[in-house]
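Asker: Okay, here's what each chain looks like letter by letter:
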Amino acid sequence: MRKYLLKRILFSFFSLFVVVMTVMLLIYSLIDRSMIFQTDDIWNKRNLNERTVYEHMQYQRYGYLTYQDYTDFVRAKYTEQYGDSYSTQAQFKADIAAIQNENTYLENATVQEFIAKTKAEGYEVKYLQPIRFKSGKVKPGGTGFLLASREKSVVLRLLDYLKGFFHVETTRDVKDANLTERYVRFEKDPYSGLFAIVGSGTQHKYQLYFDGRFPFIHQNWLSINLGTSYTTYRGMEITSVISKPAGDTIKSRTQFPALLGTDQYEKTAIDFHSLTYNANPTEADREKFPDNYTSYSFRRAGLSPLETSFVIGLFAAVIAYALGLPLGILIARRKDTIIDHLGNAYIIFIMAVPPLAYIFMFAAVGTKIFHLPYKFANANVKVLAYFLPVISMALPQIATLMRWMRRYMIDQMNSDYVKFARSEGLSEKEIYNIHISRNALIPLVQAIPGTILGALVGGIITERVYAVPGVGTLLTTALTARDNGVIVACTVFYTSIAIISQILGDLLLAKYDPRISLTSEGGGGR
Amino acid sequence: MSEQNKVLKSEDELFRFIDNDQFVSEKITAPRYSYWKSVFRVFFRKKINIVIIAFLVLILLVAFIMPIYWHYDPNENVTNAATYNLSPKEAIQYFGGFSFKWMLGSGNLGNSILYGIVSSARTSLLLAVICAAINMTIGILVGALWGYSKKVDAVMLVIYNIIANVPFILMVSVLVYIIGQGFWSFVFALTVTGWLFIAFFFRTQVMIIRDREYSLASRCLGTPVSRVITKNILPFLTSVIVTLLAQELPSYIGMEVTLAFIGIGLSAAVPSLGRMIAQAQGAFLTYPWEFWSPVAVASAITIILYVLGQNLADASDPRTHM
Numbered sequence: 001m002r003k004y005l006l007k008r009i010l011f012s013f014f015s016l017f018v019v020v021m022t023v024m025l026l027i028y029s030l031i032d033r034s035m036i037f038q039t040d041d042i043w044n045k046r047n048l049n050e051r052t053v054y055e056h057m058q059y060q061r062y063g064y065l066t067y068q069d070y071t072d073f074v075r076a077k078y079t080e081q082y083g084d085s086y087s088t089q090a091q092f093k094a095d096i097a098a099i100q101n102e103n104t105y106l107e108n109a110t111v112q113e114f115i116a117k118t119k120a121e122g123y124e125v126k127y128l129q130p131i132r133f134k135s136g137k138v139k140p141g142g143t144g145f146l147l148a149s150r151e152k153s154v155v156l157r158l159l160d161y162l163k164g165f166f167h168v169e170t171t172r173d174v175k176d177a178n179l180t181e182r183y184v185r186f187e188k189d190p191y192s193g194l195f196a197i198v199g200s201g202t203q204h205k206y207q208l209y210f211d212g213r214f215p216f217i218h219q220n221w222l223s224i225n226l227g228t229s230y231t232t233y234r235g236m237e238i239t240s241v242i243s244k245p246a247g248d249t250i251k252s253r254t255q256f257p258a259l260l261g262t263d264q265y266e267k268t269a270i271d272f273h274s275l276t277y278n279a280n281p282t283e284a285d286r287e288k289f290p291d292n293y294t295s296y297s298f299r300r301a302g303l304s305p306l307e308t309s310f311v312i313g314l315f316a317a318v319i320a321y322a323l324g325l326p327l328g329i330l331i332a333r334r335k336d337t338i339i340d341h342l343g344n345a346y347i348i349f350i351m352a353v354p355p356l357a358y359i360f361m362f363a364a365v366g367t368k369i370f371h372l373p374y375k376f377a378n379a380n381v382k383v384l385a386y387f388l389p390v391i392s393m394a395l396p397q398i399a400t401l402m403r404w405m406r407r408y409m410i411d412q413m414n415s416d417y418v419k420f421a422r423s424e425g426l427s428e429k430e431i432y433n434i435h436i437s438r439n440a441l442i443p444l445v446q447a448i449p450g451t452i453l454g455a456l457v458g459g460i461i462t463e464r465v466y467a468v469p470g471v472g473t474l475l476t477t478a479l480t481a482r483d484n485g486v487i488v489a490c491t492v493f494y495t496s497i498a499i500i501s502q503i504l505g506d507l508l509l510a511k512y513d514p515r516i517s518l519t520s521e522g523g524g525g526r
Numbered sequence: 001m002s003e004q005n006k007v008l009k010s011e012d013e014l015f016r017f018i019d020n021d022q023f024v025s026e027k028i029t030a031p032r033y034s035y036w037k038s039v040f041r042v043f044f045r046k047k048i049n050i051v052i053i054a055f056l057v058l059i060l061l062v063a064f065i066m067p068i069y070w071h072y073d074p075n076e077n078v079t080n081a082a083t084y085n086l087s088p089k090e091a092i093q094y095f096g097g098f099s100f101k102w103m104l105g106s107g108n109l110g111n112s113i114l115y116g117i118v119s120s121a122r123t124s125l126l127l128a129v130i131c132a133a134i135n136m137t138i139g140i141l142v143g144a145l146w147g148y149s150k151k152v153d154a155v156m157l158v159i160y161n162i163i164a165n166v167p168f169i170l171m172v173s174v175l176v177y178i179i180g181q182g183f184w185s186f187v188f189a190l191t192v193t194g195w196l197f198i199a200f201f202f203r204t205q206v207m208i209i210r211d212r213e214y215s216l217a218s219r220c221l222g223t224p225v226s227r228v229i230t231k232n233i234l235p236f237l238t239s240v241i242v243t244l245l246a247q248e249l250p251s252y253i254g255m256e257v258t259l260a261f262i263g264i265g266l267s268a269a270v271p272s273l274g275r276m277i278a279q280a281q282g283a284f285l286t287y288p289w290e291f292w293s294p295v296a297v298a299s300a301i302t303i304i305l306y307v308l309g310q311n312l313a314d315a316s317d318p319r320t321h322m
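Residue numbers (this note's numbering), protein chains in the order written: chain B, 1 to 526; chain L, 1 to 322.
There could be a bad hint or two in this list.
What the hints assert, rightly or not - Looking from chain B toward chain L, a few residues come up when the C-beta cut is under 8 angstroms (computed):
| id | residue |
| --- | --- |
| 1 | Ser-15 |
| 2 | Val-19 |
| 3 | Leu-26 |
| 4 | Ile-27 |
| 5 | Ala-352 |
| 6 | Leu-356 |
| 7 | Ala-357 |
| 8 | Leu-475 |
| 9 | Thr-491 |
| 10 | Tyr-494 |
Said to hold, decoys possible - Distance condition first, Cα-Cα at most 30 angstroms in a straight line; then the derived DSS-like pairs of lysine-lysine:
| id | chain 1 | residue 1 | chain 2 | residue 2 |
| --- | --- | --- | --- | --- |
| 11 | L | Lys-37 | B | Lys-335 |
| 12 | B | Lys-3 | L | Lys-150 |
| 13 | B | Lys-45 | B | Lys-152 |
| 14 | B | Lys-335 | L | Lys-47 |
| 15 | B | Lys-335 | L | Lys-46 |
| 16 | L | Lys-231 | L | Lys-27 |
| 17 | L | Lys-150 | B | Lys-511 |
| 18 | B | Lys-7 | L | Lys-150 |
| 19 | B | Lys-188 | B | Lys-244 |
| 20 | B | Lys-3 | L | Lys-151 |
| 21 | B | Lys-126 | B | Lys-139 |
| 22 | B | Lys-267 | B | Lys-251 |
| 23 | B | Lys-375 | B | Lys-244 |
| 24 | L | Lys-151 | B | Lys-7 |
| 25 | L | Lys-89 | B | Lys-368 |
| 26 | B | Lys-126 | B | Lys-45 |
| 27 | B | Lys-244 | B | Lys-288 |
| 28 | L | Lys-231 | L | Lys-37 |
Stated by the list, open to error - If you only want the chain B side, here are some residues facing chain L, beta carbon under 8 angstroms, derived:
| id | residue |
| --- | --- |
| 29 | Phe-11 |
| 30 | Pro-354 |
| 31 | Leu-479 |
| 32 | Cys-490 |
| 33 | Thr-495 |
Hints are computed from structural coordinates only; laboratory data are not their basis.
None of the values given here were measured: they were computed from a predicted structure.
For glycine and all other residues, C-beta sits at the position ideal for the given N, C-alpha and C.
Excised from the complex, chain B in its bound form (with noise of 0.2 angstroms):
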């Protein structure tokens, strides 16, 4: 069982690997790289050779290619000769200036020795000329470059995703010199009252501390790092954008950590527990914190999408179960009278029609009869805007479990024994509730851990109708907007819960019931 085990869990990294390394390779290279630049305003506000460069500058980021500046070359052999005061050098102006003359940039030195050695190293130099008006004065953004690139292959952008893809803090990841303390340890923590893990040399002054928020303790040792986000969140990691709130900032009165023991009380949101590494802290800073972790995020009121989509998507679930099992048990009971005939038309209704269209009537029928919000932004009353959406993320699961309960149910009705327990004079209700339903929920067993892992994933549609701010909306607003790394991060997020859930659907099926064995070989044929 445990071979079986490990050899699934390993097939599943492979899968995945194939899943994500397919996505990539088609992303990276089928699409019309500029496409990203569509709603960007900075590229917008940039011309001419400024654009180009800019260009260049984000392609790195989003991993297209590698590129040097001429400039930057510059500057460092420079600073490498002179140091800090390179930039009043003559020779280094002149340098700087021969790239602004198309033709006589050649004959200086450093042009070449620069051309010279990104050439060896593989690159591709461009020389992007100054572009004048008619009169000889430059045009703005016309500016001469000299830059060279080299492209990087999907293989390597695939080894660099996965290589940052766990993040585990030590205490060597600050790289600071001046930074001499470097632990890990058992502290106490002023801000919980509680102990907390704390490093000095990690990126993070908190490793694993308790607060007032669900699931109350927590880590910052172990991180996911799905990718970047480019044009929906702006360079934001896609792990913080749906792990953490986004609602107003909370403030409550409390104190810095080098005033802690004084009286100086201070009204803030500062989260403290979020402290990070900062290699210059101010003069403002020293005075409030003791040491170089002066980095930090604010406490924000309300669910993080993640938190949002999951008590939507569980509620559901748990509506889903609690009605659409007894409800198929009850049809499967009076099969061909009226009951199970409106079962089936209901059945038939959600299987045949496309979801988004009865959504909507669920939608029309909610706020026309019943007075509930329509956009979960504009509910006065919170808890009701969570209605709707549960409402219709349940009731398609509902008619799913009605349709296969009745399905196995009437399968099983003429199983021996059922015959058995009739002769022994159990009563239907007996027959049908306990022996008969029990079988006929075997094949259902399995997709539990499905349905309550993607409530983590949430609807797609759903959320979008109602305009929840969860994270079925992640992937459908990246498209739109052609956000590469957030559709990497979803591909990866949503194919690992549905690996998850299927082998702990196998798991759960097996332990229910204990004549189904994963490991054993059986059927015949060729």
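Could you slot chain L onto chain B? The hints should help.
Answerer: Same frame as chain B, but now just chain L:
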């Protein structure tokens, strides 16, 4: 003597000699059974099926013939803001008396909703039929082989376990995003992996029948695999195939509507129900006819296809032919 003759006489009445007819003796007398005839006999026994077929024929005729006469131009009244968002009543009044064209009102650019729906229904039906045909053909053929051969099973299971992990909506939307939003790229996105799920479903069904005694007998007699599949296994699964078809056909229409709604549907050049619904979703409470008309048509088509398929599947199960 006379007694004896009498007996003989009675024997004469009961029996008579006939010539040995080679031709007649070749005939086997059993009630004639034609599978498809029985299917349709059972199918048409339910009167509701005739009504549904009539509806389907009507929809097909309207969707495929009427666009020739009713040329749909979404921008025909774009310069006249007075024609925007007219309810059916207002539109008929505005355009001077009753006409089919304005009986469902006008859209947000003064376009005729009815003409839009009719041209779009054609796209949706074509999409559903083409995708279902491709997916079902490849799916069933591969599935039959997959279920039959253990070697193929080993390879295909690996492929399936990789691809099945990717949610279908993610796969389709990423593909459409990558290869574009034309009609044929849409067909490609829906069929490039869609057949795999049908094939997997079919594999399991084939495996069940593969080891039945009559298949075993065929195998012992040295019948080639292709004939065992086409003659022994596939006929047994006709009702399964039709059930599958009943689910597949409407699902593509629904998929198109869903994708259009999340912003990656068919391009503007192809009129489609999904696009009409997606465009009118903002007006869902203010100009309900713009939203509900295409939704109603899409739902009607999918329900008709689904119910018809289910009933045909019921009829194609030989156990109902008694």
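Asker: Does each hint hold? Answer for all of them.
Answerer: For each hint, the structure was consulted:
1. Ser-15: Constraint on Ser-15 (chain B) satisfied, holds at 4 angstroms.
2. Val-19: 5 angstroms, holds
3. Leu-26: 5 angstroms, holds
4. Ile-27: It holds, given that the least Cβ distance between Ile-27 (chain B) and chain L is near 6 angstroms, below 8 angstroms.
5. Ala-352: Holds. Min distance 4 angstroms.
6. Leu-356: Holds, about 5 angstroms.
7. Ala-357: 5 angstroms, holds
8. Leu-475: With Cβ-Cβ at 7 angstroms, under 8 angstroms, it holds.
9. Thr-491: 6 angstroms, holds
10. Tyr-494: Constraint on Tyr-494 (chain B) satisfied, holds at 5 angstroms.
11. L:Lys-37 x B:Lys-335: 29 angstroms, holds
12. B:Lys-3 x L:Lys-150: Distance ~23 angstroms between Lys-3 (chain B) and Lys-150 (chain L) Cα, so the pair holds.
13. B:Lys-45 x B:Lys-152: This hinted pair holds, its Cα atoms lying about 27 angstroms apart.
14. B:Lys-335 x L:Lys-47: With a Cα-Cα distance of about 21 angstroms, the restraint between Lys-335 (chain B) and Lys-47 (chain L) holds, given a limit of 30 angstroms.
15. B:Lys-335 x L:Lys-46: Measuring from Cα to Cα gives roughly 19 angstroms; hence the hint holds.
16. L:Lys-231 x L:Lys-27: 24 angstroms, holds
17. L:Lys-150 x B:Lys-511: 28 angstroms, holds
18. B:Lys-7 x L:Lys-150: Distance of about 20 angstroms is within 30 angstroms: holds.
19. B:Lys-188 x B:Lys-244: Status holds; Cα separation ~26 angstroms.
20. B:Lys-3 x L:Lys-151: 23 angstroms, holds
21. B:Lys-126 x B:Lys-139: 19 angstroms, holds
22. B:Lys-267 x B:Lys-251: 6 angstroms, holds
23. B:Lys-375 x B:Lys-244: Given that 30 angstroms is the threshold and the Cα spacing comes to 22 angstroms, the pair holds.
24. L:Lys-151 x B:Lys-7: 20 angstroms, holds
25. L:Lys-89 x B:Lys-368: Holds - the C-alpha atoms of Lys-368 (chain B) and Lys-89 (chain L) are around 22 angstroms apart, at most 30 angstroms.
26. B:Lys-126 x B:Lys-45: Holds, at about 22 angstroms.
27. B:Lys-244 x B:Lys-288: Distance of about 25 angstroms is within 30 angstroms: holds.
28. L:Lys-231 x L:Lys-37: 19 angstroms, holds
29. Phe-11: Holds, because the Cβ-Cβ distance from Phe-11 (chain B) to chain L comes to roughly 7 angstroms (cut-off 8 angstroms).
30. Pro-354: 4 angstroms, holds
31. Leu-479: 5 angstroms, holds
32. Cys-490: 7 angstroms, holds
33. Thr-495: At 5 angstroms from the nearest chain L Cβ, Thr-495 (chain B) passes the 8 angstroms test, so the hint holds.
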